[in-house]
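Undergrad: Spelled out, the chains give:
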Amino acid sequence: MSAPASPPLPPARTGAPFRASAGVRAAGVLLALYTLYALSQLDFSWQRFSEGLGHGARLIGKMFPPDLDKWDILGKGIVESLQIAVLATALGIALSLPVGFLGARNLMPAWVTWIARFIVAVCRSLHPVIVAIIFVKAVGFGALAGVLALTVASIGFIGKLFSEAIEEISPKQVEAVRATGASFMNMIAFGVLPQVFSRFIGFATYQLDSNLRNSTMVGIVGAGGIGGALFSAFQRFDYGFVFTILATIVAIIVLAEIGTNALKKALDV
Amino acid sequence: MSATPTTGALEIRDLVKAYKPGQPVLKGISLEIAGTGLTSVIGPSGTGKSTLLRCINRLIDPTAGSIWLQHDGERVDMSALRGAALRAQRRHIGMVFQEYNLVERLTVMENLLTGRLGYVGAWAAWRRRFPQADIDRAYELLDTVGLGAFANQRADALSGGQRQRVGIARALMQQPRVLLADEPTSSLDPKTSVEIMTLLREQGRARGIPVVVNIHDVDLARRFSDRIIGMSGGHVVYDGDGAGLDEAMLKTIYGGEDWLQ
Chain Z
10 MSAPASPPLP PARTGAPFRA SAGVRAAGVL LALYTLYALS QLDFSWQRFS
60 EGLGHGARLI GKMFPPDLDK WDILGKGIVE SLQIAVLATA LGIALSLPVG
110 FLGARNLMPA WVTWIARFIV AVCRSLHPVI VAIIFVKAVG FGALAGVLAL
160 TVASIGFIGK LFSEAIEEIS PKQVEAVRAT GASFMNMIAF GVLPQVFSRF
210 IGFATYQLDS NLRNSTMVGI VGAGGIGGAL FSAFQRFDYG FVFTILATIV
260 AIIVLAEIGT NALKKALDV
Chain G
105 MSATPTTGAL EIRDLVKAYK PGQPVLKGIS LEIAGTGLTS VIGPSGTGKS
155 TLLRCINRLI DPTAGSIWLQ HDGERVDMSA LRGAALRAQR RHIGMVFQEY
205 NLVERLTVME NLLTGRLGYV GAWAAWRRRF PQADIDRAYE LLDTVGLGAF
255 ANQRADALSG GQRQRVGIAR ALMQQPRVLL ADEPTSSLDP KTSVEIMTLL
305 REQGRARGIP VVVNIHDVDL ARRFSDRIIG MSGGHVVYDG DGAGLDEAML
355 KTIYGGEDWL Q
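Chain order of the listed sequences is Z and G. The C-terminal position of the first sequence is numbered 278 in the numbering used here, with every residue numbered one higher than the one before it. The C-terminal position of the second sequence is numbered 365 in the numbering used here, with every residue numbered one higher than the one before it.
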């Protein structure tokens, strides 16, 4: 090959290499304008905020000294909340496993995934407290309504993330398992589950954490747990007891965080 | 233990595969592969070597043609099988992959036992209950491929060469009548490549089964093959031994000539 006498110069390159497009900039301006509009609509003024700080301080002042006499109410409510959380998580995991599998588009025919995804979408669309109200109407006051409400929430959360985790697995590993003549169920056991197991543990522990928090709240609408005691303490202006309940909830959530981290470490995920 | 595997044979007739209608990748392949020996398939990228191999065990469905698999006095057309019958025949075809395709989060032993999944029911497989004979054979094979000490290591802790040995051991766990290998050395260094090809040839001979290897390295193909098949443009353009594979032939297979200098 003969080299050309003078290689042609590359075309001049001008302008910044990474420019936000007109659309992105317009969206940013619109977002800022809407934020200002919403602020003006909601009577969100500095005066109200600074007054509110004073109210808040007085409220916290009333919480002291904390009320440490109602151990029986506290203990009963907390134990019920924990039971609601654990039961709902266990039920939710058991039900979201099949739903999650059926929703994975790389394993199932399209019509099956649509049904599974519809179930997940319904479970996700309503807040657990709203679902709890519905179940209180359906099965009456008490922990059963709370367990059912949080089970629904768990299916919505784990089912969706589990489907997505399965859709992200490496098809090469599955291909190799198929090539051995494995049946569909055996392919799931050796080709799919090992790839998603650690993420599934992560979802489950997160959901347990989430259910612990929510189980303290469904009681407000009469679905069992410490929430009921908390709500009535508020209504009786019994702020000392409110503080005791809140501190106990925080302690439980922190302990659960430590516990789930230890579990993940033990399972090497 | 079951009886020693008998040799298998493949007879591919007018195999056509078109991923998009009217644009076939394989344009009527006819081949007979029988008896002990290592057959290499060479050809440029995109000419359908992997497609050919995957049509044989039906990881890919062929568009037309037939693939007769003969073993143990049976003769079946792989292209006509479905469902359980297809899975039952797949058990007799071992496959080794370019990127090993081990289940990364399982141990070496579990990966080997994967080769028996075609013979184990779901209830037993989910509980990891495999027949003792399978476990014994897995340990034996691990020693054969030089990984006896690695049974309980996770597959993602191994090097490339070690992984491919596990991949071969997994395929051999099936006691295959035919062994397929899709570019088994393309992700490996030259020394490990030679070791892997040696292992494939030795195991094929020891078991008296045909081994079909897709390979990019022509020198490696010449060195290890009893027979070389050259593919180009979806056709078989060469079928013979390494000696007949001269420069003119390589030009026909790969096109161009600059790379041969």
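These are calculated hints, taken from the structure and not from any lab test. Remember, it's a predicted structure, so these values are computed and weren't measured experimentally. There's no promise every hint is true.
Stated by the list, open to error - FRET-style restraints, in silico, Cβ to Cβ: (1) G:Asn256 to Z:Val148: 41 to 51 angstroms; (2) G:Gly225 to Z:Trp120: 20 to 30 angstroms; (3) G:Ala255 to Z:Val121: 31 to 41 angstroms; (4) G:Ile239 to Z:Ala99: 32 to 42 angstroms; (5) Z:Phe193 to G:Asp350: 42 to 52 angstroms; (6) G:Asp345 to Z:Val121: 26 to 36 angstroms; (7) Z:Ala31 to G:Ala261: 44 to 54 angstroms; (8) Z:Val121 to G:Pro148: 34 to 44 angstroms; (9) Z:Ala99 to G:Ser263: 38 to 48 angstroms.
Unchecked claim - Facing chain Z, from chain G, some residues (calculated, C-beta under 7 angstroms): (10) Arg195; (11) Asn205; (12) Thr218; (13) Gly219; (14) Gly222; (15) Leu251; (16) Leu364.
All C-beta atoms in this analysis are idealised placements derived from N, C-alpha and C, irrespective of residue type, glycine included.
Undergrad: Failing hints, ascending?
TA: When the structure is compared with the hints, numbers 6, 15, 16 turn out to be violated.
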